[in-house]
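There are 4 protein chains.
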Amino acid sequence: MRIDKQKIKQLNDQALPEHRESFDHLSDVLGRKGFDSKAIVEKLKEFQVAVPSWALGTGGTRFGRFSGGGEPGTLEDKIADVGLLHQLSKSAGAISLHIPWDIPEDVQATKELAASHGLIFDAVNSNTFQDQPDQEHSYKFGSLCHADKEVRKQAVNHNLEVIKYGDALGSKSLTVWLADGSSFPGQLNFKKAFQRTLESLQEIYAGMPADWKLFVEYKPYEPNFYSTVIQDWGTSHMLADKLGDRAYSLVDLGHHLPNTNIEQIVATLMMVGKLGGFHFNDSKYGDDDVTVGALKPYQLFLIFNELVDGMEDPSSDNPYPAWMIDASHNLKDPLEDLLQSLEAIKLAYAQALLVDRTALEEARENNDPALAQEILQAAYRTDVRPLLAEARLQAEGALDPIGAYRRLNVRKELITQRGEKVISTGL
Amino acid sequence: MRIDKQKIKQLNDQALPEHRESFDHLSDVLGRKGFDSKAIVEKLKEFQVAVPSWALGTGGTRFGRFSGGGEPGTLEDKIADVGLLHQLSKSAGAISLHIPWDIPEDVQATKELAASHGLIFDAVNSNTFQDQPDQEHSYKFGSLCHADKEVRKQAVNHNLEVIKYGDALGSKSLTVWLADGSSFPGQLNFKKAFQRTLESLQEIYAGMPADWKLFVEYKPYEPNFYSTVIQDWGTSHMLADKLGDRAYSLVDLGHHLPNTNIEQIVATLMMVGKLGGFHFNDSKYGDDDVTVGALKPYQLFLIFNELVDGMEDPSSDNPYPAWMIDASHNLKDPLEDLLQSLEAIKLAYAQALLVDRTALEEARENNDPALAQEILQAAYRTDVRPLLAEARLQAEGALDPIGAYRRLNVRKELITQRGEKVISTGL
Amino acid sequence: MRIDKQKIKQLNDQALPEHRESFDHLSDVLGRKGFDSKAIVEKLKEFQVAVPSWALGTGGTRFGRFSGGGEPGTLEDKIADVGLLHQLSKSAGAISLHIPWDIPEDVQATKELAASHGLIFDAVNSNTFQDQPDQEHSYKFGSLCHADKEVRKQAVNHNLEVIKYGDALGSKSLTVWLADGSSFPGQLNFKKAFQRTLESLQEIYAGMPADWKLFVEYKPYEPNFYSTVIQDWGTSHMLADKLGDRAYSLVDLGHHLPNTNIEQIVATLMMVGKLGGFHFNDSKYGDDDVTVGALKPYQLFLIFNELVDGMEDPSSDNPYPAWMIDASHNLKDPLEDLLQSLEAIKLAYAQALLVDRTALEEARENNDPALAQEILQAAYRTDVRPLLAEARLQAEGALDPIGAYRRLNVRKELITQRGEKVISTGL
Amino acid sequence: MRIDKQKIKQLNDQALPEHRESFDHLSDVLGRKGFDSKAIVEKLKEFQVAVPSWALGTGGTRFGRFSGGGEPGTLEDKIADVGLLHQLSKSAGAISLHIPWDIPEDVQATKELAASHGLIFDAVNSNTFQDQPDQEHSYKFGSLCHADKEVRKQAVNHNLEVIKYGDALGSKSLTVWLADGSSFPGQLNFKKAFQRTLESLQEIYAGMPADWKLFVEYKPYEPNFYSTVIQDWGTSHMLADKLGDRAYSLVDLGHHLPNTNIEQIVATLMMVGKLGGFHFNDSKYGDDDVTVGALKPYQLFLIFNELVDGMEDPSSDNPYPAWMIDASHNLKDPLEDLLQSLEAIKLAYAQALLVDRTALEEARENNDPALAQEILQAAYRTDVRPLLAEARLQAEGALDPIGAYRRLNVRKELITQRGEKVISTGL
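Note that the protein sequences, when read in sequence, are chains A, B, C and D.
Under the working numbering, the residues of the first sequence are numbered 1 to 427, in order.
Under the working numbering, the residues of the second sequence are numbered 1 to 427, in order.
Under the working numbering, the residues of the third sequence are numbered 1 to 427, in order.
Under the working numbering, the residues of the fourth sequence are numbered 1 to 427, in order.
It should be emphasised that the hints constitute simulated quantities derived from the structure, not laboratory data.
Honestly, I wouldn't trust all of these hints.
Chain copies aren't distinguished; within one or between two, either way the pair holds.
Straight-line alpha carbon distances no greater than 30 Å define the calculated DSSO-like cross-link-like pairs of lysine-lysine that follow [what the hints assert, rightly or not]:
#1 Lys421 - Lys7
#2 Lys191 - Lys33
#3 Lys213 - Lys38
#4 Lys412 - Lys149
#5 Lys111 - Lys149
#6 Lys192 - Lys7
#7 Lys172 - Lys111
All values derive from a computational prediction rather than experimental measurement.
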């Protein structure tokens, strides 16, 4: 389904006077501090986050899964769902495919369908952490790191196939996340596992088109519970460094040990030009994969503070990072959950754009942590919602995406079209 | 299948001379320190740990599941598997049923089958964290704490039914573990959730036979990722305290925040007579549910040090705790995994029996932490494997359970009988 | 020193037009959502947080301490410093004494001095975690839990003396924080330590005036690194419950294991009427004691959401909690640090007052976590700084306390008066 | 003081028959498994751990310090204390100096004194985390990373001076641990801090003699509570990599976030030839610095399993690591504490030497985690204390070092010589 543009407009019109007032007031306040609201609104309009194809259905835990209704059963439905998100938020202009869950049957038609929703295909994702029904070798004991060369070869070939699909759709990067690791002390030879993974990645890297990038994701644990081959950014960076210029680290917010200073990792990787991509979610305990900003919005702001710093640094050779939401929607309607995530991401981005970087740098050079904190918090405490609303308004999205989604009964319509019991592939 | 007793004996006979030598040497060493090896062997023979009916198959994570072969497809097969464990280890003399996964069709036959393996039925477990196909109300948003009275009623009735099955089989206790909680700030009214849970538990408590006990398990997170209704021992204890004399807390090793001093919780609960049961497993990150003793054997020893202290305290009115292994077997053969867990548990128990408690108490009263540590470590560093082997030998188990399991090709035989692709109920 | 009122007024006058505009805009916005800004401003004016007497100097770590200048060397100076904080913020209307660091020599004069600054004396704090030069017995191995009855007696008597001083000054409560515990497995008999602590606390409780309250603080570790006698809220509550109606638990934000859901603890304790006090600070790793709100402002808001819920619950019999800042100022000017903490606390309080509790409760009863989150975040994302500024303005404080502090060169003046090298008692 | 050799021999003679019996029994058991006890005893005799000069006195926390008696007040006394440890344990044959706490006045005499105790000087340590009385610039806001070039220069010069002292004494390496970092978000520009640190380290590196090594230590937090410049092994390795061939990472067991897989870090660094040194201690919560092996002896074994693997790998170009105990002795007699640490280290080493590496590698290649665990645990569960005792006996140390220390009243004698109230420099 697609939402009737006029209906969005009608809802916007009702809310317009209040929005105008708030936006104007905020513009005045910011203007007095030297910030140009219009320029910020432009940046917010440009900022697009990819939605992965597996994130449109209800997720689950090892204890079970509680389906919702109207879930997308096909790739076409999934593209339509991202299209809905984009129509409302004007921030979800890309889709990130997960192979083999979402293999396009007709590449050209798939591209055209996506384009009709204003969507492009961002990084593609391989999957060697599950066995597929017709698979020759099992990944129970690893894939790219497996002791058996035949298993590694199968996993490498799968990645090469993923690249092929991505290339046909216009993607320009491959994200490799490995579950490879061990659940028991002694199970794995750490050094051999690293070397085998490196060799496998080298084959994949060699098989990428010349304008592609390879993103190496890291994660400290789960689904393995003692070790993972790529346990942290240091290991990911070591691999990316050995692979070549077009290999980068990818940071997933949920893939860190308790209390990790993630913003410093972001700064470090950008400093050496090696931050390739970023996966958004939030968590309290582990890789909980809940809605972005649901728990630690200030941490998200601090991370964006470094991202903006890196992106705006003229001396940096870090490429523009690939953004993606990587969350699991166990309890909420996935589309509402994603709208909340998109909002949280852009709030943090907008707040980071309001940091007075000159003053901040001066406070740092003067060893004045109290003032540095005042500067950061002045930006963070600003209610930037009117900026986001304005960006959406200008792009013909909804002033209030979730409000519109609910008032327009989108989920009900999806259930009518698709039924109560569809299960998304990959869930 | 059952293992031919003669085969176990043959294997034991081969290993007997070396075992005798090691046991005699250890007996001498311990004797000089005032410990009676025979008395310790007797205690080890008496110590039995329940195996839950769901633990005989291959487990999984939210990312997938890699089956093994020869898994038990029926309750009868599961009882047979526990029977094998008990035959080899002489330590797994009880089975803990999980309803609705393992509802006995013919109670009398089930009891007799178990008895023929030397097994009794320990605590029964209810399940209100998943929806069953024919279920009227969903537990997506909780069970005993649910906002809707009808859902709570359904969950209470399920527990009453579980008690009924358990009573028929000879069980004397019910373990309630709740997934109830919330994944997002704001989702739950903490106080209402507690009160509703309390009321539901009161109905269940009232429905237990007069000689039954209720065990209230706690867990800080997962499958909910922001809060759980019974987040810690304090909450569990508050509930047990309000419920009555036959309600107790149950400690699961994996259900704690990082770095929790679990042994102190054990001591505290036993001090007030409220430790009802104990679930064994091990973990590095969260509720990883790996083999007992695979990661923190010294912590397990410290916990047993408190358990032994509580069990041997004549002034304590704490009941003898219900022991159960609660682990997930994702990578190893489940039976080998359980044999390793049983071994680790009894090693820790044996070491705890070797703590010189009089000397320890004296060191404590003298504020001598170095000496207290020496006393604990002297017990822990002792190689107590000959004590366990001797206990098994006297009970006609295997001197080397895993060795026997492998040399007798038990898994191969199970696969022959049951096939490669059976999936256990509940997995 | 005291700041000339006129100077504060002058600074306020300059900022007044902008403040008026922002406040009026916010009042309009809130008014449309059904909130009465004036009523909220009144609540903010009433809300006062105690500053402890030891928090006015530069703190340190075990690795060292880097002094600042102009620190208060006497109790009189400390009272003056809190007076300055209160003059600027109108939120620091109480002082919390720490004995033996700040024993008043002339009680009447001390009371009058405090009153002249608009300050009252809140909870008094005992110290049995350090040895004083003239002390008979050492607390190296504990105080209220010590194996030696004479040491326990000394510690009890110290607490009784603290009560005596507090009583003379008008305090109505005693906070007991114990470092008692152990750094090595085996060192302590957990049960004896608990029982001895309980008996000691009973003696202290018996020695309190009839209108006094006893606050039992908990902490999982540090300065002991294996166990503490009162490791968590469950233990604290067990003690408070056994002590009597006027004994309560006290929550310090930094005294929890990683990832603890503190807001649920707050809700639980208020539910049973047993939350006595609250110590504010912030932390990323352990009991880091940094500026309130410097790291996890959303968590602080969630906690205030529960505090407000409990305080506004007519059915609750929980007393109004005692608020105190308990932070260490290692790098910042302590007065600036405290002003930032006061601001962060009141921001969270104001945001919590903006939660639409009726709508929230409805979303909860409807199992609508997305909406519940929207409601909480709508409050949190509101820029409530104008409400705080208005409250200060009406109370004749500074619109911008830190700005005023810097522009009026307060620290420079303090250094002139007191010198560069004074060291506060207790540091 | 020095212990009379004859007294140690007398004590050994009394315990000899029991020791012989246990050692012979163990040799038989190990021999049947293919291990040569004599060869292992030789390796244990060779293994020496440095004791830092600051570890001989009573440590403290930010809450206070409880002195013991007979502490060493001079460098000579400290050397004598390490001499005592070495005499008893024959494992503490090196001392690691900390400048400026322990500047030798007469280098030649100091060298001779150490040699007379059988001690050499291992890695020297600089200190730029505290201000010394006569210091021009403060390290309050960092040292090698400081915003002010003059401060960095002072810190570099201090390191060059430390090298000079070390060189004179025969040391061959410098350990740099930095407290540099920030306690508040915003305080530090992560990238500038890294670059400045790198430049400072380059100057130090350039100032080292050609046969010296530089060890770059990392730590995630404390005494800074938001960020540290060298937060993890990845950052340390990046620095060491940029510095040159003679720069290495140094791992301190307590300097990791909760649940870090340290053994994998060790394996990774040795794989790339970049593990320079290792600091031993143990901890439950943070950098608790308690006795080695007091809490997680199995983790220590797993780490030694990797260390042995790396040391015995003929293809590895990793240098032999520098070992040091880095613990704080707050409650125990420091010498007893160090003897316990030495014992725990060598137990783990001995157990790691008993791992059947051929069988382990085979189990790994066969994806047999159960067998791999059996192999590791078979080594770990062996009571290797007789091997350590035999190594000491052959080297003329004490069969039972702590027993001897207590029976010979060493502490009492030290108190008689030095008094009750000496405070070690640096504490």
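A quick look at each hint next to the structure:
1. Proximity of Lys421 to Lys7 under the C-alpha cut-off of 30 Å is restricted to the intra-copy arrangement: shortest distance 28 Å within a copy versus 53 Å between copies.
2. When the C-alpha separation of Lys191 and Lys33 is checked against a cutoff of 30 Å, the pair qualifies only between copies, where the shortest distance is 27 Å, while the shortest distance within a copy is 54 Å.
3. Taking CA atoms no more than 30 Å apart as the test, Lys213 paired with Lys38 passes in neither setting, with 33 Å inside one copy and 55 Å between copies.
4. Taking CA atoms no more than 30 Å apart as the test, Lys412 paired with Lys149 passes between copies only; the shortest distance there is 26 Å, against 50 Å inside one copy.
5. For the identical chains of this complex, Lys111 and Lys149 are neighbours neither inside a copy (36 Å) nor across copies (49 Å), given an alpha-carbon limit of 30 Å.
6. When the C-alpha separation of Lys192 and Lys7 is checked against a cutoff of 30 Å, the pair qualifies neither within a copy, at 59 Å, nor between copies, at 39 Å.
7. For the identical chains of this complex, Lys172 and Lys111 are intra-copy neighbours only, at 14 Å inside a copy versus 63 Å across copies, given an alpha-carbon limit of 30 Å.
Checked against the numbered hints listed earlier, the structure breaks hints 3, 5, 6; every other hint is satisfied.
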